[in-house]
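Novice: Sequence:
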Amino acid sequence: MSNWYVKKCGVSSTKLMEFYGVKKPLAYALYHRKIRNKDRIKNYINVEEFNFQNINDLRDVVKAYSIIERVLKENRKICIYGDYDVDGVMSTTIMYKALKALGANVHYFIPDRVEDGYGLNENAVKDIINNGTELIITCDNGISALNQIDIAKSMGIEVIVLDHHEPVVENETEVLPKADAIVDAKIKNCGYSFTQMCAGGLCYRFVCGLYEYLGKELVNKREFCELASVATICDVVDLIEDNRAIASQGLKFINEGSSNLGLRTLIKIKEIKEINSYTVGFVVGPCINASGRLDSAKIAVELFVTENEVRANELANDLNDFNEKRKAITQDSLERIIDNIENTALINDKIIVVYDENTHESVAGIIAGRIKERYSRPAIVLTNASDGVKGSGRSVEKYNMFKGLTEVKYLLNKFGGHTMAAGLSLDKENIDIFRKSINDNCFLSIKELEPGIRAESVLGLGDINIDSIYELNILAPFGKGNERPIYALKSVNVTNIRFVGQEKNIVSLVITDGKDRIRAVDFNNCDLWKEYLSVNGYDEESVNGAFFVIDAMCFLDINEYKGYRNPQIIIKDVRF
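Residue 106 in my numbering sits at position 106 of the sequence shown; the count goes up by one each step and never skips.
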């Protein structure tokens, strides 16, 4: 069971509502986002007018412009070296299309997840150079490719790094690659105040600056903003400041009708009516990622660069098919791994480390995320690979996975990542000692690892109406760092309980306080409801007449049905 908290506020709701000029739910959400003066309120609400810092302030940006300008004039061959996830695909697409429109002799390379691995691959770099490339521009990688860039430089090639990952640190000192220009806001003294852009956002800002530097009009600016918004949402970077502005503007453009044929086609095939952070992150993004998991992400890049409608339709359908296969593969492995966990001592571990030789390495991260959500604990899923055992980990808020792996790095062949996610490889014979060691080094209890649910405030049903819910759209797009606001309901009555959906695993009910009534739905806690009702003598047939008192943590939503719009509560967690 999750720990519940209501965020503290020393100001009365009446004063907050008066100060912000909005209703109670939004007033508390703005306060807890520390938007507490008129200028910040204006800048936050009018996101289209966001004042970006000049991208030229970022270290080596102007140097990179100069290199590209010279290479363009000399008509030398350029290779964009990307990555196989959504951010890598979109940043590659932006850079490729921007340079192509300038008349560049440019091509792109996307590494194979299994054969090449992440980042610059030594053999791939040599092949690219031997094919006549004289400038490599990395997108979404490169900052840690010390040896590979040394090889490129030794072969007389210029290299520009466009990345957003952390640099290598040895003995508390940054070790940077010997590239001709390094554009990465994560390095020290980079000159740019916002450090959380993904590669897609960085490349969007970079090409806007490049065109201005060259005195050219960027005709594709709207399209590139759309692609950057998809990358920003799917790479799960904090949706604040620059990222929020890019995501918000890009989503607006896409909803007006995407300028990118491939994106427009994929949205049509998926029958998405409204593009928002959810549909991008959980419908569009997985299709793009699936190509890199089961085939090649080059297919995704081709989709977003093609101008041929027939080809776009073929490629979008391919991505959709890959994703359906990926879902089936994931579900098969997930069921097998859950059975393993629940029937072995793994269920008692603080950090669940599970090895399954039949899991496809490309879905290990997805499964680790599902395990983490199910058990509210960090999870690492390991499987066989061509060069040993590989795995992916996903963590919870209170456990720094990268630090945990660092403490047992003597057992690993390779690892990388950050606080909430990581990748690793090790020898098969080290799995058991790795599992024991990483658990022994975790001094948090299972209870302490459980995530907390934090409500903006406690609401009465009278605070929840169409207007107060629509006001919350000011905060969108929602995502990491700008989560959808959660509110607490205390001692409310529930009635009209029904189990709905094809598998009867969704709880539909009415919440009332004696004066107001609001429809509610619970997608997460069906088993908990059934257990409670059973203990109290009800079954699924007789439950409709039941009447209980609950506390709940919930989202506020609008239910649209047959042209009518009504307030709706979506229950995240419940206590009886």
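Please note that a few of the clues may not be correct.
To be verified - Cross-link-like lysine-lysine pairs, in silico, DSSO-like; alpha carbons within 27 angstroms at most:
1. Lys38 with Lys188
2. Lys414 with Lys398
3. Lys63 with Lys126
4. Lys414 with Lys186
5. Lys38 with Lys7
6. Lys221 with Lys73
7. Lys23 with Lys34
8. Lys350 with Lys409
9. Lys270 with Lys562
10. Lys63 with Lys270
11. Lys38 with Lys252
12. Lys409 with Lys398
13. Lys398 with Lys325
14. Lys34 with Lys15
15. Lys23 with Lys63
16. Lys77 with Lys153
17. Lys252 with Lys562
18. Lys100 with Lys327
19. Lys530 with Lys504
20. Lys414 with Lys447
21. Lys436 with Lys409
22. Lys273 with Lys15
23. Lys428 with Lys350
24. Lys7 with Lys23
25. Lys34 with Lys398
26. Lys414 with Lys403
27. Lys216 with Lys63
28. Lys327 with Lys298
29. Lys490 with Lys7
30. Lys447 with Lys436
31. Lys447 with Lys572
32. Lys409 with Lys428
33. Lys270 with Lys298
To be verified - Restraint-style ranges between C-beta atoms, simulated for each label pair:
34. Glu174 with Asn255: 50 to 56 angstroms
35. Glu429 with Phe194: 41 to 47 angstroms
36. Ile272 with Cys526: 22 to 28 angstroms
37. Glu357 with Asn54: 49 to 55 angstroms
38. Gly132 with Val175: 39 to 45 angstroms
39. Tyr564 with Asn505: 46 to 52 angstroms
Simulated from the structure, these hints should not be mistaken for lab results. Built from N, CA and C at the ideal position, the CB exists for glycine as well.
Novice: Is the straight-line distance between the alpha-carbon of Lys38 and that of Lys7 27 angstroms or less?
Specialist: holds, 22 angstroms
Novice: Starting from Lys273, check that the Cα of Lys15 is at most 27 angstroms away, please.
Specialist: Roughly 39 angstroms between the alpha carbons, so the hint for Lys273 and Lys15 is violated.
Novice: Do the alpha carbons of Lys216 and Lys63 lie within 27 angstroms of each other, as the hint requires?
Specialist: holds, 18 angstroms
Novice: Under the criterion that the straight-line Cα-Cα distance not exceed 27 angstroms, is the pair Lys398, Lys325 satisfied?
Specialist: At roughly 34 angstroms apart (the allowed maximum being 27 angstroms), Lys325 and Lys398 break the hint.
Novice: Would the hint linking Lys100 and Lys327 be met if the CA-CA limit is 27 angstroms?
Specialist: violated, 35 angstroms
Novice: Can the restraint linking Lys34 and Lys15 be considered satisfied, given a maximum Cα separation of 27 angstroms?
Specialist: Between Lys34 and Lys15 the Cα gap is close to 16 angstroms, so the pair holds against 27 angstroms.
Novice: With the threshold set at 27 angstroms, check whether the alpha-carbon distance from Lys34 to Lys398 stays at or below it.
Specialist: holds, 22 angstroms
Novice: CA of Lys38 to CA of Lys252, is that 27 angstroms or under?
Specialist: holds, 25 angstroms
Novice: What's the verdict on Lys490 and Lys7, does the C-alpha distance respect the 27 angstroms limit or exceed it?
Specialist: Holds, because 15 angstroms separates the two Cα atoms, which is no more than 27 angstroms.
Novice: Is the Cα-Cα distance between Lys447 and Lys436 27 angstroms or less?
Specialist: Roughly 19 angstroms between the alpha carbons, so the hint for Lys447 and Lys436 holds.
Novice: Is the straight-line distance between the alpha-carbon of Lys63 and that of Lys126 27 angstroms or less?
Specialist: Roughly 25 angstroms separates the two Cα atoms, so the pair holds.
Novice: Quick check on a hinted range of 41 to 47 angstroms for Glu429 and Phe194, using CB atoms only.
Specialist: Distance hint for Glu429, Phe194 holds at roughly 45 angstroms.
In this structure, the hints that do not hold are numbers 1, 10, 13, 15, 18, 20, 22, 34, 38 and 39, in rising order.
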